[in-house]
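**Q** Here is what each chain is made of, one letter per residue.
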Amino acid sequence: MKNKAFLSGNEAVAEGVRLASPHVIAAYPITPQTVVVERLAEMVEDGRLKSEFLHVESEHSALSACMGASSIGARTFTATSSQGLLYMAECLHYASGGRFPIVMMNANRSLALPWSIYGDHRDSLSQLDCGWIQIYVEDAQESLDMVIQSYAIAENLKVLTPVMINLDGFVLTHTYELVDIPQKDEVDKFLPPFETPYKMDLENPKNMGVSSSPSDNTEFKFQQHKAVLDAKEVIKEVDDSFRKAFGRGYGGLVDAYLCEDAEFIMVSLGSTTGTCRTVVDELRQEGWKAGVLKIRFMRPFPEEEIIEITKNAKAVGVIDRDISFGYEGTVFTNVNSALSKAGANVRSLNFIAGLGGRDISKESIREAFYDLREESRGISKKRVKFLSLGVSIDE
Amino acid sequence: MVEIRWHGRGGQGSFTASKLLGALATLYGGKHALAFPSFGPERRGAPVLAFTKIDNKKITDRSEIRKCDFIVILDETLFSENFFDDLKDNGRIIINSATKEVYAKYDSRKITVVDASSIALEVLEKPIANTAMLGALLAVSNIVDLNAVLEGMAGFLKGDLLKKNIEVVQRTFLQCKEVTS
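Chains as they are written, first to last, in numbering that gives the first Met the number 0: chain W, 0 to 394; chain E, 0 to 180.
These aren't lab readings, by the way, just hints derived from the structure by calculation.
Given the structure is predicted, the values throughout are model-derived calculations rather than measurements.
All C-beta atoms in this analysis are idealised placements derived from N, C-alpha and C, irrespective of residue type, glycine included.
A portion of the hints provided could be inaccurate.
Incomplete in silico selection of chain W near chain E, CB under 10 Å [unchecked claim]:
| # | residue |
| --- | --- |
| 1 | Asp138 |
| 2 | Val186 |
| 3 | Lys188 |
| 4 | Lys205 |
| 5 | Gly356 |
| 6 | Asp358 |
| 7 | Ile359 |
| 8 | Ser363 |
Listed next, the in silico PhoX-like pairs over lysine-lysine satisfying Cα-Cα at most 25 Å (straight line) [to be verified]:
| # | chain 1 | residue 1 | chain 2 | residue 2 |
| --- | --- | --- | --- | --- |
| 9 | E | Lys176 | W | Lys3 |
| 10 | E | Lys57 | W | Lys361 |
| 11 | E | Lys30 | W | Lys3 |
| 12 | W | Lys288 | W | Lys380 |
| 13 | W | Lys288 | W | Lys313 |
| 14 | E | Lys176 | E | Lys30 |
| 15 | W | Lys1 | E | Lys56 |
| 16 | E | Lys157 | W | Lys1 |
| 17 | W | Lys198 | W | Lys243 |
| 18 | E | Lys66 | W | Lys361 |
| 19 | W | Lys361 | E | Lys30 |
| 20 | W | Lys3 | E | Lys157 |
| 21 | E | Lys30 | W | Lys1 |
| 22 | W | Lys243 | W | Lys188 |
| 23 | W | Lys231 | W | Lys243 |
| 24 | E | Lys56 | W | Lys288 |
| 25 | W | Lys361 | E | Lys56 |
| 26 | W | Lys1 | E | Lys57 |
| 27 | W | Lys361 | E | Lys157 |
| 28 | W | Lys243 | E | Lys57 |
| 29 | W | Lys310 | W | Lys380 |
| 30 | W | Lys288 | E | Lys57 |
| 31 | E | Lys56 | W | Lys3 |
| 32 | W | Lys231 | W | Lys188 |
A few chain W residues that face chain E, going by a derived Cβ cut-off under 10 Å, partial list only [what the hints assert, rightly or not]:
| # | residue |
| --- | --- |
| 33 | Pro28 |
| 34 | Pro31 |
| 35 | Val170 |
| 36 | Val278 |
| 37 | Asp280 |
One chain only, chain E, in its complex shape:
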């Protein structure tokens, strides 16, 4: 089972991303998935968590995620070095940051830095980096085929917004593929 934890702030769309990934993996990727927010009150701007579990068989385990395959951080002010302890052996952190050098001191097999906000700002003209981070996650994880995701996004977004978000996903995907390959 692939277990993913998303960190963001209320309003940045981390739960939407976790849900979108689950929906795409099940409806278009032939997998099973659970997606859930951190349970409890939600406030705009407050730190929030979201989770996605993905597997090839039905997921019955409803307990909390302890060790993650991927930790996706939409807002780098939420990053903590302790997150590395929450990773499985081959786990990886994917962080949204414009300052790559800050993270150069960490093992590059454990962290991928992607400037998702700049891409989102450029394409969407909004600092909403959730789909950009989804593209980055797809690049380093192979959870779901990129084409299945691009096809599936049409079920959730329409028109110009769909076109722009597909561009965002493709750009971060390609950028992170180059870095990790």
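Isolated chain W, as found in the complex:
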């Protein structure tokens, strides 16, 4: 029986968490993530969710508490955003190095200064190297589904790595849409209780959270790196089995839309992909061979998929909702690294858009496609261009 509801992205995440039944939730509210924490607190209060809810005093404590609980083999959840994510930065590395399979929702929001509560990807992309698996979702349904999938990925013994699910602040967290809520018993079948031999256990004592010396640190870091690389296969397997169980799948590391014969491909993360799909549909009607490539996972990075999907394109654009000051967008750097390793000589352009919540309009995406077409015709365009820039200094 289908159970459908009209939910916001935040509420969809909370429903996903309810279905995954973590033992421990420790979270601190922050705009635009607050509703996740509120809904989970309500569910624990009214008994729909049998979790220990820890009302901590900071994000640093939230993630620390999750690590403590995870070390005895508990399933844990936290959620944060922006400044809160940065406040737990120290613990992010601790959690991945400790191989704690924590799942966290991050509501993508700009970073101060200037102070801004609105969305962009500068918070999570600034933490790309913290060892977490990073997912970027496009709508409320994918938000709910990926909470469930994330536990299956994180808790796989080949992976044992924390997962960060990123939702665009407001555009996803505060937008209501139709969501199919899976049945609890079906989720229980898909996601059995977490079992790990690597936990604090009185019967089988061991040392966790150790110090290392120069003679063994590299081995730890090599294994950590390998685990995130191994996650690539696990991510695909989990998505396949999720599709079998619930009739929905997302394609694993990337989602390519109309890319098979595309001459011009726009790469994007998160909700921007949806608007890109609309623009690509319009361009196709006008005779363009245009496509959009959604990067669903920034770590592990879908290098092989990007190379394969863009191999026949004339030009590739990358929309970044971030800027690495003094260089270019971080997604662009990563995509170009993949393309150059393959020896591909496809032209690529970077479009910086949607910083601090600025609308990414259909017109601005269209303009980016026009730039790709000109670039492919040998008319050299700016390699890093700010879309919808209000000042003329860039031109």
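Based on these hints, arrange chain E on the given structure of chain W.
**A** Showing chain E alone in chain W's frame:
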């Protein structure tokens, strides 16, 4: 795609109306919808915006609404003549006002005036005009079938409140149907 912008003040229920319409259109009307508030801080009494996008296919466009099919104004002090520029060619403003004559100078194909507050006060005994304005919007738009809405409201309201709100929706619906037909 039908694009609707709601104007009200914090506490008047404009976002609730945009959300209710989206929920009814999807759960009971077989459509796809997105409903969202104007992003940012919310304060009681301050001007707020809300939006609903409704279509027969999945809506992937997450950009802001530029041109509207309908602009619904719960609080007439927020009305501006510039709103007419935000309408699509066949777009229409629906405004809550007890003084119809103030708006008589505008093209009647572009604006519908409904005294939603009086109906709300009479039936609900509260000046909460959001469901009354929803009824008016349904009358001029044909976005969702009235019966689907009345059936669907039972999923969100209960008892006396449900009965009274159904009455409110029916009254503004009929009133605006007569005006526009």
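**Q** If you test the structure against every hint from before, which numbers come out violated?
**A** 2, 3, 4, 9, 17, 27, 33
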